[in-house]
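A.B. asks: Given only the sequences and the hints, what does the whole structure look like? Please build it.
Chains as they are written, first to last, in the working numbering: chain Z, 307 to 559; chain W, 307 to 559; chain R, 307 to 559; chain L, 307 to 559.
FYI, nobody ran anything at the bench for these hints, they're computed from the structure. Mixed in with the good hints, there may be bad ones.
Identical copies go unnamed one by one, so any copy, or any two together, can satisfy a pair.
Pairs of lysine-lysine, BS3-like flavour, derived with a Cα cap of 27 Å [said to hold, decoys possible]:
{"no.": "1", "residue 1": "Lys-536", "residue 2": "Lys-313"}
{"no.": "2", "residue 1": "Lys-344", "residue 2": "Lys-554"}
{"no.": "3", "residue 1": "Lys-355", "residue 2": "Lys-554"}
{"no.": "4", "residue 1": "Lys-355", "residue 2": "Lys-516"}
{"no.": "5", "residue 1": "Lys-355", "residue 2": "Lys-470"}
{"no.": "6", "residue 1": "Lys-355", "residue 2": "Lys-313"}
{"no.": "7", "residue 1": "Lys-516", "residue 2": "Lys-313"}
{"no.": "8", "residue 1": "Lys-516", "residue 2": "Lys-536"}
{"no.": "9", "residue 1": "Lys-355", "residue 2": "Lys-537"}
{"no.": "10", "residue 1": "Lys-554", "residue 2": "Lys-516"}
{"no.": "11", "residue 1": "Lys-536", "residue 2": "Lys-554"}
Protein chains: 4
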Amino acid sequence: LNPDYTKRIGNFGFLELEESWGDEATIINTARISTTNKRVNSLDAFTDKERTLLHYLLAHNHGTPFETVHFRFRVVAPIFVLRQWMRHRICSFNEFSQRYRMPITAFYVPDQEARTVDGFEVLSQESVERYCELVESMHRFYHDEYQQVCTRIEAAEQAGLVEKTAGSRNPYRARARELLRNAMPVSTYSDLYWTINFRALMNFFELRRKANAQYEIRAYADAAYEMFCKKMPLLGETMNRVLEERAKMGEQA
Amino acid sequence: LNPDYTKRIGNFGFLELEESWGDEATIINTARISTTNKRVNSLDAFTDKERTLLHYLLAHNHGTPFETVHFRFRVVAPIFVLRQWMRHRICSFNEFSQRYRMPITAFYVPDQEARTVDGFEVLSQESVERYCELVESMHRFYHDEYQQVCTRIEAAEQAGLVEKTAGSRNPYRARARELLRNAMPVSTYSDLYWTINFRALMNFFELRRKANAQYEIRAYADAAYEMFCKKMPLLGETMNRVLEERAKMGEQA
Amino acid sequence: LNPDYTKRIGNFGFLELEESWGDEATIINTARISTTNKRVNSLDAFTDKERTLLHYLLAHNHGTPFETVHFRFRVVAPIFVLRQWMRHRICSFNEFSQRYRMPITAFYVPDQEARTVDGFEVLSQESVERYCELVESMHRFYHDEYQQVCTRIEAAEQAGLVEKTAGSRNPYRARARELLRNAMPVSTYSDLYWTINFRALMNFFELRRKANAQYEIRAYADAAYEMFCKKMPLLGETMNRVLEERAKMGEQA
Amino acid sequence: LNPDYTKRIGNFGFLELEESWGDEATIINTARISTTNKRVNSLDAFTDKERTLLHYLLAHNHGTPFETVHFRFRVVAPIFVLRQWMRHRICSFNEFSQRYRMPITAFYVPDQEARTVDGFEVLSQESVERYCELVESMHRFYHDEYQQVCTRIEAAEQAGLVEKTAGSRNPYRARARELLRNAMPVSTYSDLYWTINFRALMNFFELRRKANAQYEIRAYADAAYEMFCKKMPLLGETMNRVLEERAKMGEQA
Ligand SMILES: Cc1cc2nc3c(=O)[nH]c(=O)nc-3n(C[C@H](O)[C@H](O)[C@H](O)COP(=O)(O)OP(=O)(O)OC[C@H]3O[C@@H](n4cnc5c(N)ncnc54)[C@H](O)[C@@H]3O)c2cc1C
Ligand SMILES: Cc1cc2nc3c(=O)[nH]c(=O)nc-3n(C[C@H](O)[C@H](O)[C@H](O)COP(=O)(O)OP(=O)(O)OC[C@H]3O[C@@H](n4cnc5c(N)ncnc54)[C@H](O)[C@@H]3O)c2cc1C
Ligand SMILES: Cc1cc2nc3c(=O)[nH]c(=O)nc-3n(C[C@H](O)[C@H](O)[C@H](O)COP(=O)(O)OP(=O)(O)OC[C@H]3O[C@@H](n4cnc5c(N)ncnc54)[C@H](O)[C@@H]3O)c2cc1C
Ligand SMILES: Cc1cc2nc3c(=O)[nH]c(=O)nc-3n(C[C@H](O)[C@H](O)[C@H](O)COP(=O)(O)OP(=O)(O)OC[C@H]3O[C@@H](n4cnc5c(N)ncnc54)[C@H](O)[C@@H]3O)c2cc1C
Numbered sequence: 307l308n309p310d311y312t313k314r315i316g317n318f319g320f321l322e323l324e325e326s327w328g329d330e331a332t333i334i335n336t337a338r339i340s341t342t343n344k345r346v347n348s349l350d351a352f353t354d355k356e357r358t359l360l361h362y363l364l365a366h367n368h369g370t371p372f373e374t375v376h377f378r379f380r381v382v383a384p385i386f387v388l389r390q391w392m393r394h395r396i397c398s399f400n401e402f403s404q405r406y407r408m409p410i411t412a413f414y415v416p417d418q419e420a421r422t423v424d425g426f427e428v429l430s431q432e433s434v435e436r437y438c439e440l441v442e443s444m445h446r447f448y449h450d451e452y453q454q455v456c457t458r459i460e461a462a463e464q465a466g467l468v469e470k471t472a473g474s475r476n477p478y479r480a481r482a483r484e485l486l487r488n489a490m491p492v493s494t495y496s497d498l499y500w501t502i503n504f505r506a507l508m509n510f511f512e513l514r515r516k517a518n519a520q521y522e523i524r525a526y527a528d529a530a531y532e533m534f535c536k537k538m539p540l541l542g543e544t545m546n547r548v549l550e551e552r553a554k555m556g557e558q559a
Numbered sequence: 307l308n309p310d311y312t313k314r315i316g317n318f319g320f321l322e323l324e325e326s327w328g329d330e331a332t333i334i335n336t337a338r339i340s341t342t343n344k345r346v347n348s349l350d351a352f353t354d355k356e357r358t359l360l361h362y363l364l365a366h367n368h369g370t371p372f373e374t375v376h377f378r379f380r381v382v383a384p385i386f387v388l389r390q391w392m393r394h395r396i397c398s399f400n401e402f403s404q405r406y407r408m409p410i411t412a413f414y415v416p417d418q419e420a421r422t423v424d425g426f427e428v429l430s431q432e433s434v435e436r437y438c439e440l441v442e443s444m445h446r447f448y449h450d451e452y453q454q455v456c457t458r459i460e461a462a463e464q465a466g467l468v469e470k471t472a473g474s475r476n477p478y479r480a481r482a483r484e485l486l487r488n489a490m491p492v493s494t495y496s497d498l499y500w501t502i503n504f505r506a507l508m509n510f511f512e513l514r515r516k517a518n519a520q521y522e523i524r525a526y527a528d529a530a531y532e533m534f535c536k537k538m539p540l541l542g543e544t545m546n547r548v549l550e551e552r553a554k555m556g557e558q559a
Numbered sequence: 307l308n309p310d311y312t313k314r315i316g317n318f319g320f321l322e323l324e325e326s327w328g329d330e331a332t333i334i335n336t337a338r339i340s341t342t343n344k345r346v347n348s349l350d351a352f353t354d355k356e357r358t359l360l361h362y363l364l365a366h367n368h369g370t371p372f373e374t375v376h377f378r379f380r381v382v383a384p385i386f387v388l389r390q391w392m393r394h395r396i397c398s399f400n401e402f403s404q405r406y407r408m409p410i411t412a413f414y415v416p417d418q419e420a421r422t423v424d425g426f427e428v429l430s431q432e433s434v435e436r437y438c439e440l441v442e443s444m445h446r447f448y449h450d451e452y453q454q455v456c457t458r459i460e461a462a463e464q465a466g467l468v469e470k471t472a473g474s475r476n477p478y479r480a481r482a483r484e485l486l487r488n489a490m491p492v493s494t495y496s497d498l499y500w501t502i503n504f505r506a507l508m509n510f511f512e513l514r515r516k517a518n519a520q521y522e523i524r525a526y527a528d529a530a531y532e533m534f535c536k537k538m539p540l541l542g543e544t545m546n547r548v549l550e551e552r553a554k555m556g557e558q559a
Numbered sequence: 307l308n309p310d311y312t313k314r315i316g317n318f319g320f321l322e323l324e325e326s327w328g329d330e331a332t333i334i335n336t337a338r339i340s341t342t343n344k345r346v347n348s349l350d351a352f353t354d355k356e357r358t359l360l361h362y363l364l365a366h367n368h369g370t371p372f373e374t375v376h377f378r379f380r381v382v383a384p385i386f387v388l389r390q391w392m393r394h395r396i397c398s399f400n401e402f403s404q405r406y407r408m409p410i411t412a413f414y415v416p417d418q419e420a421r422t423v424d425g426f427e428v429l430s431q432e433s434v435e436r437y438c439e440l441v442e443s444m445h446r447f448y449h450d451e452y453q454q455v456c457t458r459i460e461a462a463e464q465a466g467l468v469e470k471t472a473g474s475r476n477p478y479r480a481r482a483r484e485l486l487r488n489a490m491p492v493s494t495y496s497d498l499y500w501t502i503n504f505r506a507l508m509n510f511f512e513l514r515r516k517a518n519a520q521y522e523i524r525a526y527a528d529a530a531y532e533m534f535c536k537k538m539p540l541l542g543e544t545m546n547r548v549l550e551e552r553a554k555m556g557e558q559a
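C.D. replies: Right under this line is the structure:
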């Protein structure tokens, strides 16, 4: 695991920038098709001309060249975070399924910082402990029940009452997982791949790094932002400049 | 509530086809711009020519005319159903937020039919009762804690320790709701508006009415399908014919 | 033709706002599902609260409620304008096809205003006349050749050399149209339906009413904008306010 | 130029598969997150299990894993071909602009094969020659006029009648290009980058390699298809199998 592109978030969360495709040179080259046949071979060949153009394009909403750079992240996050995340449609998700597998037996536990707003402890340590006990009882319920169902299914199979099907697609066990999932809280961790181009990623950063985004998704958005900035420092700076320019407007509005 | 366009689903779920825009005549008229200036005034003016064209367009994947007909549904469904639903990106969602409000105090309880696969009772009535108790304890936890936090916030406000902010945006209460949501199970009901065009709706029907879709989302997809068929019977029949033609292929594959 | 929602543009162009779906009340109601069960019955029931919320949502990029209002326009425009227009992807087009029909025998002729930039006549009247003659010769070429091909096809049919196929799908005539289209200039008018939601329409207005958009598409964007503002004055004003707020930022950048 | 990934098409057209991102292993790995933690390191590690899964996913419309593989093509094609191409929305285009540059002085000339349908010569060699003369006169018109405008602008600049602006953004020359473009036929070549994921590319192949797609776009779609199959033979074969299975259905319909 490359520490530049992986990060633990919260008590069990994880983010990794697995791969990216294209860079600032791709943006400049695809943009320049409009105006000239001049191409740059790589980012190293950038002069002020290219840097100025990069900012100009982004600031003036010439968005399509920014769709040529892509990223794939691996995300382990609680379901309530993913619920917000997956509202973003201009990207692709591939997620762990509780239909085909048992839930991940880990759930989000807010730490001191997460529980505190402006010095005021919103949720106490004792409350969190009660919460943990409850969620653990949910997990125990799931596992006990699943165990029992599996035993009953086996018995029924042996008695010839139901047909025997191997693997994760056994319809009775599959249905048991679907039914028992009902008890799982939205703090349960899930796991996914996220593939997104830079234009849409910037929209994600704008919406999910803002103060009004929820603390927990902000932590992921900030981590993704940092990895992105390490991977493409020039594009990162350019984006920051544009976002700051836009933010000034926000204050006036 | 018009019984043709509303339906209760499961123990607390609900679906309503609130409004639609356009109909088979819109499809024919927008499609015909390619080939002729002939327009039909309304569905009543349809002859076999129009009906044949409608089927031809759909069967041969001339999809864009089918994007001119839109629907808006109101959906009350458990979060785990909505998690599957909201993976569909070519449409718009507006959802109830547990950040701004307390959760809906209703959760999905699978009935006899839902618990049974091919005559085999996957989850027993007793298990469901244990599940209900557990979920209720989660809800109690949420409400008790929230009560306490609110009392503590008020005290702190009165003591001048934190600033007083009115309304649902009070940052301490807002954070309390965010933190306590962690305990809510994915069976908790939520509430949303769904706006979608026919082309994307048909894709939804294809994916979510199939046998391999989960029972619970299938119930919603089937209900949406029935409402749609009542609203636009000719388009419904045409779609069925095309889906059957495609299904035949599926069997052979 | 309702003069409020139709407009002639250039020498042969035309724009019509045929229909819309939803209004400011739809936006408020779908947005409010997040926070409250309060709904307004119609725009008439709006108070300052609703107006403030409408502006707040738009200014802070809460975009999805604005996807619930839709528009369908009929557009007659030159191909070079449509080439720019059809780059917008979050919407649906249904266009006249030169594969199935002969081209519209009308082409764009820039008038005095279109030919002049800041008082400087970029293209003279005489140049425009030469242009018209050339384009007319293209049209004559198309029609003469098409006539001849049709005669040759008929002869071949009668001689039993090719099979007789009726209608616009006759493969030889169809191919003749495809081949002769090559000579048609991008100033040739075409005809289409455009279905788009308000969020995407606002993006179109932002990009295509700006000074750096081409004069000819600006004329259409401005006309669409005026029709939209007549149809939904409150949303129009709200949008203007937000765009002005953003423009201020643009100047600083 | 790598002959495997470049091709001349028609008299001046060109296609290049510049780069791709991800491969069959990416698809399997992102898909498997649903069901297992097992990943394959690369395509070389594929067994029948992976090949079967690949086909299963594609045949059963599990589409999102196929959105993790991307392609960037360079395309030189006539405008009428690009007009059809750019109707595909789930992808990104960056195109040469006649607003910023003079048109490419090359236009499509249908060869013998293109002019012939089932042995019948739809357009004769003489007709094509007349067409070429006409188009050439269009190009001459453009260049003569542009020359004259530029001379007039220079004169006006020197006389202090208009302000001097350097570069391609000179507003008078820019407007001249916009106005003169009107005379350019849709057979004029243009130049673009096309970035698309595999799911959307497959949709493009389905629609644009079919017999009812126009001959000229089919040539590009076929070339893109061949390059794709060379790059990812296993995915190519899998797609072919699925398309054949679907085609069988088409015949019955
Ligand atoms: C602080 C915050 C609070 C929120 N609260 C709520 C809430 O209470 N309830 C709720 O339901 N949601 C809420 N959301 C989610 C929000 O409505 C969006 O669904 C989410 O932020 C994704 O944003 P997006 O649509 O810009 O992104 P994407 O879906 O990724 O779209 C990217 C861009 O593509 C364009 N686009 C994509 N699809 C369409 C389309 N169909 N029509 C027009 N344009 C389109 C838009 O320009 C958009 O900016 C909240 C989001 C934030 C950040
Ligand atoms: C039975 C079943 C099991 C599933 N299991 C899992 C699972 O285990 N894990 C998991 O993550 N998901 C799972 N899914 C969800 C699935 O992967 C899709 O996200 C979901 O079905 C939405 O389908 P869609 O992409 O066709 O719809 P939409 O997102 O509404 O898209 C509609 C159409 O638009 C096109 N389209 C839209 N966006 C793109 C794009 N970015 N690139 C290319 N084409 C695009 C496609 O043609 C698509 O058919 C499952 C779905 C079903 C039905
Ligand atoms: C003045 C001007 C000059 C131009 N010059 C050129 C030129 O020289 N060459 C050229 O090729 N084009 C040019 N364009 C076209 C431009 O690049 C866009 O294709 C066009 O303006 C459509 O804008 P859009 O992508 O915002 O709109 P839509 O495609 O309708 O998208 C709406 C919104 O959805 C989101 N979105 C949709 N699809 C994606 C995606 N795949 N990835 C990320 N986000 C997405 C974005 O937020 C976007 O704003 C020019 C446009 C203008 C206004
Ligand atoms: C033989 C042929 C003849 C044609 N004739 C004409 C004609 O006469 N007139 C004309 O106007 N066009 C014509 N077209 C163009 C056609 O209508 C489509 O615009 C084009 O083929 C792009 O296809 P698409 O929408 O599937 O692709 P994309 O736009 O790339 O979309 C990919 C997939 O995403 C989904 N999708 C994307 N956007 C939406 C949306 N807004 N709503 C619902 N689903 C969406 C769909 O599942 C779609 O299959 C023709 C096309 C062909 C192949």
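A.B. asks: Taking the hints in turn, state whether each one holds.
C.D. replies: A quick look at each hint next to the structure:
1. Lys-536 - Lys-313: within (13 Å within a copy, 37 Å between copies)
2. Lys-344 - Lys-554: Neither, since 35 Å and 34 Å both go past 27 Å.
3. Lys-355 - Lys-554: both (26 Å within a copy, 26 Å between copies)
4. Lys-355 - Lys-516: between (31 Å within a copy, 25 Å between copies)
5. Lys-355 - Lys-470: between (68 Å within a copy, 22 Å between copies)
6. Lys-355 - Lys-313: Neither: 35 Å inside a chain and 32 Å across chains, both beyond 27 Å.
7. Lys-516 - Lys-313: This pair counts as within: shortest intra-copy Cα distance 20 Å, inter-copy 39 Å.
8. Lys-516 - Lys-536: This pair counts as within: shortest intra-copy Cα distance 20 Å, inter-copy 35 Å.
9. Lys-355 - Lys-537: Classified as within; 21 Å inside a copy, 35 Å across copies.
10. Lys-554 - Lys-516: Both, since 14 Å and 21 Å are each at most 27 Å.
11. Lys-536 - Lys-554: within (25 Å within a copy, 32 Å between copies)
In this structure, the earlier hints numbered 2 and 6 are contradicted, and the remaining ones agree with it.
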